[in-house]
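**Q** As a plain string of letters, each chain reads:
There are 4 protein chains.
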Amino acid sequence: MYTHETKIRVRYGETDQMGYLYYGHYAQYYEVGRAEMIRSLGLSYRALEEEHGVMMPVMTLNMRFVRPAHYDEEVTVRTTLRELPSTFITFHMEIFNEVGKLMNGGSVKLCFVEVKSNKTIATPSVLLDCLKPYFTSPA
Amino acid sequence: MYTHETKIRVRYGETDQMGYLYYGHYAQYYEVGRAEMIRSLGLSYRALEEEHGVMMPVMTLNMRFVRPAHYDEEVTVRTTLRELPSTFITFHMEIFNEVGKLMNGGSVKLCFVEVKSNKTIATPSVLLDCLKPYFTSPA
Amino acid sequence: MYTHETKIRVRYGETDQMGYLYYGHYAQYYEVGRAEMIRSLGLSYRALEEEHGVMMPVMTLNMRFVRPAHYDEEVTVRTTLRELPSTFITFHMEIFNEVGKLMNGGSVKLCFVEVKSNKTIATPSVLLDCLKPYFTSPA
Amino acid sequence: MYTHETKIRVRYGETDQMGYLYYGHYAQYYEVGRAEMIRSLGLSYRALEEEHGVMMPVMTLNMRFVRPAHYDEEVTVRTTLRELPSTFITFHMEIFNEVGKLMNGGSVKLCFVEVKSNKTIATPSVLLDCLKPYFTSPA
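Residue numbers (the numbering used here), protein chains in the order written: chain A, 1 to 139; chain B, 1 to 139; chain C, 1 to 139; chain D, 1 to 139.
Simulated from the structure, these hints should not be mistaken for laboratory data. Every residue, glycine too, gets a C-beta built ideally from N, C-alpha and C. Keep in mind that the hints are not guaranteed to be accurate.
One-sided excerpt, in silico: chain D residues whose CB lies under 7 angstroms from chain B [as the list claims (entries may be wrong)]:
#1 2
#2 19
#3 22
#4 24
Just a few of them, taken from the derived set where beta-carbon distance is under 8 angstroms, the chain D residues facing chain A [to be verified]:
#5 13
#6 31
#7 78
#8 88
#9 90
#10 94
#11 135
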């Protein structure tokens, strides 16, 4: 398992007239969560695209909304990989408010596409190698 | 069953550097789909909030991405209610490209909240009455 | 002079907690306005990029906010070219509410960049030829 | 004069198919810049709205685009007040890339509206008092 947490402050332009973080913006918070997780491994999503020629389009997105988020709250986005990625990579997401209550939970599944050929490929070794130490099975 | 279709043209600012409609914007397309469905019933979501004092926060969102959408494509958003809403209302969503291929499918479940008391309520009768004719059971 | 009008309905996700169309979204309405103007000429911005290899990055943006726009209002975006473009093209923008009152006015200046060389170029002839009939001087 | 700097990392969903930070998102970066400036004074824009009952709608926005920003760049947003606000408050904005080059410059002018009466008011004293020490004239 590999888990990473990052913080995002809700912007005014992300609220709606209900006074809540608009439900459509959680997908972008998920994006920031997984980008920061990848950075925490010593890689970057940007380098995956630019240097390794791999894009990661989203296949499925699932979320449940538990508590609303408000303007200026600094929420914690926790991103978890429960298993080593193979053809797909699934990020499990939780968003917590400032007192640690769950606001939103979900998951997002992506695949890997080689930019050059526009074909799906398995998890690039550059990413897999960074993750393996966190998923070693007991002897 | 009740189904409604509306069209949305993909804006430049909604694309990302992959050249696709960013995955986070589909939630807004879903929002437009259900708002236009409600309008097709002779109501409006705006009137539900302003005149009837009812907000509809989202509880769950699920989507799968089948084909990417591109800038300037005019996509068709099909919104379907498969059953009469009670405590919750679930909109089933499909987005098609200009040649009728499915690009995205999903569902979004919302509840009803009375603005005044900030408490969940059952489906407002103003909405239920509009929907009933489409869900009458055979004798 | 060449003028074109298009309509946009304010989405829920575009409002903020003040209950207004968030000020940051007007730039996207301007984008839709100029794209629809170009379409009205028998061209499309998409074709300019894909077929003619020309991008149009924005150089300056100016706007004044006169009246707020609200959720579900169908606003009219009026886009005007006051002169034939040369090195730059300046779109003059006005946004009106449903009773014809001005909500927002401004202008946006763009240049033309050849995708291949990433260099600025003069107005592509394909666009200029469409515009000339509207700017012919009297004999 | 009062100046404050804050950093923002460009999100994937904020890029467009040109591969640049979409021009419409700079307004939100400006919003973050002024919110963080206000926080640096020991206040918060949120408290201004919630506790002091004051909203700050935008009156004018001007920006020029000097260099494009790209995905994952951490830009610096510098927000400057050149004079004490009275009826209006004007934030002068500069956005720099990671090597200190100017990417975008502009200004945004806002007024103060009392939520209760929906009328414009002068700069609230709670804000003015925080700013005065930075604008004292020499004896």
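**Q** So, against the hints stated earlier in the document, which numbers end up violated here?
**A** Of the numbered hints given earlier, those the structure breaks are 1, 7, 8, 9, 10, 11, listed in rising order.
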